[in-house]
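Chains E and V are the protein sequences, given in the same order. Residues 2 to 157 in the working numbering are what the first sequence lists, from first letter to last. Residues 8 to 115 in the working numbering are what the second sequence lists, from first letter to last.
Hint data in this document are derived by calculation from the structure and do not stem from the laboratory. Note that this is a predicted model, so its numbers are computed, not measured. Where a beta carbon is used, it is the ideal one built from N, C-alpha and C, also for glycine. Certain hints may be false.
What the hints assert, rightly or not - The calculated label-pair distances, taken between Cβ atoms and stated as ranges, are:
| id | chain 1 | residue 1 | chain 2 | residue 2 | range |
| --- | --- | --- | --- | --- | --- |
| 1 | V | His68 | E | Glu116 | 49 to 59 Å |
| 2 | E | Ser67 | V | Arg60 | 36 to 46 Å |
| 3 | V | Glu44 | E | Val50 | 16 to 26 Å |
| 4 | E | Arg82 | V | Gln54 | 49 to 59 Å |
| 5 | E | Val50 | V | Ala107 | 45 to 55 Å |
| 6 | E | Glu68 | V | His102 | 50 to 60 Å |
| 7 | V | Arg73 | E | Thr118 | 36 to 46 Å |
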Amino acid sequence: MTNAPIPPITGTVTVALPVDEAFALFTSAIDRWWPRAFHIGAAEVDEIVLEPFVDGRWYERGVDGSECDWGRVRLWDAPQRLVFTWQINGAFQFDPDPEHASEIDVRFRAEGPAETTVEVEHSGFEKVVGGQTIHDTINGGGGWTLLLDTFAKTVA
Amino acid sequence: MQTYGDGAWGLLGDPSRRAIFELLARAPRSVGELAAELPISQPAVSQHLRVLREGGLVVCHREGTRRVYRLNPEGVTALRAWLDGVWSDALAGFHKAADAADPREELP
């Protein structure tokens, strides 16, 4: 299989907050809004954390105190822009190799004193689930099956 | 676009179909090649392939006189569609949290 590009996911939301507060809510307060249903650790989620600096970790902490990495901060340009990675592989494990990371680019645009548009682009999925990664996870034992299982349960 | 929404997990709940799917993930193969690697007959493989094709997980193309099966690349797109849903939920949550944020309250 080839690593054909997969179109990025884009999303836009406009909120009634000044740009610096929208940035703070998106980053420092990510725990307030990230859907609890999405996590990869075995334990229930206690807190989701995005560390506010370049190379900062994006991770979940379970109610049992265990931590599961999700990605790293690549660019921190408060309050205009944030780039961080999504390093979850085909077996729903953190993949430390940055070459396998998909990337989330978030831009914050002030529309007024208390109105901010937030644009999210999540790209690079071919690096995560395409070609060799699928091959390796399946040969490693059931990774693709597990992923489909998780996927099917989520859309059910 | 095909999605896995309508019980497609059921398609792979059958051990033979899952075995076929996983073999095709490693490399495209013909019916005969699949049957040679599995403890089931060639007609049984053909039957499973038909179900997998109808479910959108597998595609087929002709190479000379052989029909070669491989995973549907749209399957990866379906995974992306799932993540699309994650983001859609996340941004809706963000919007709700922004509405709930008291502007006088200091964010952490």
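Hints, one by one, checked against the model:
1. V/His68 - E/Glu116: 49 to 59 Å: At 52 Å between Cβs, range holds.
2. E/Ser67 - V/Arg60: 36 to 46 Å: holds (42 Å)
3. V/Glu44 - E/Val50: 16 to 26 Å: Given a distance of about 46 Å, which is not inside 16 to 26 Å, the answer is violated.
4. E/Arg82 - V/Gln54: 49 to 59 Å: holds (53 Å)
5. E/Val50 - V/Ala107: 45 to 55 Å: For E/Val50 and V/Ala107 the Cβ distance comes to about 20 Å; the hint is violated.
6. E/Glu68 - V/His102: 50 to 60 Å: violated (28 Å)
7. V/Arg73 - E/Thr118: 36 to 46 Å: Between V/Arg73 and E/Thr118, where Cβ atoms are some 53 Å apart, the hint is violated.
Violated hints, listed in ascending order, are 3, 5, 6, 7; each of the other numbered hints is respected by the structure.
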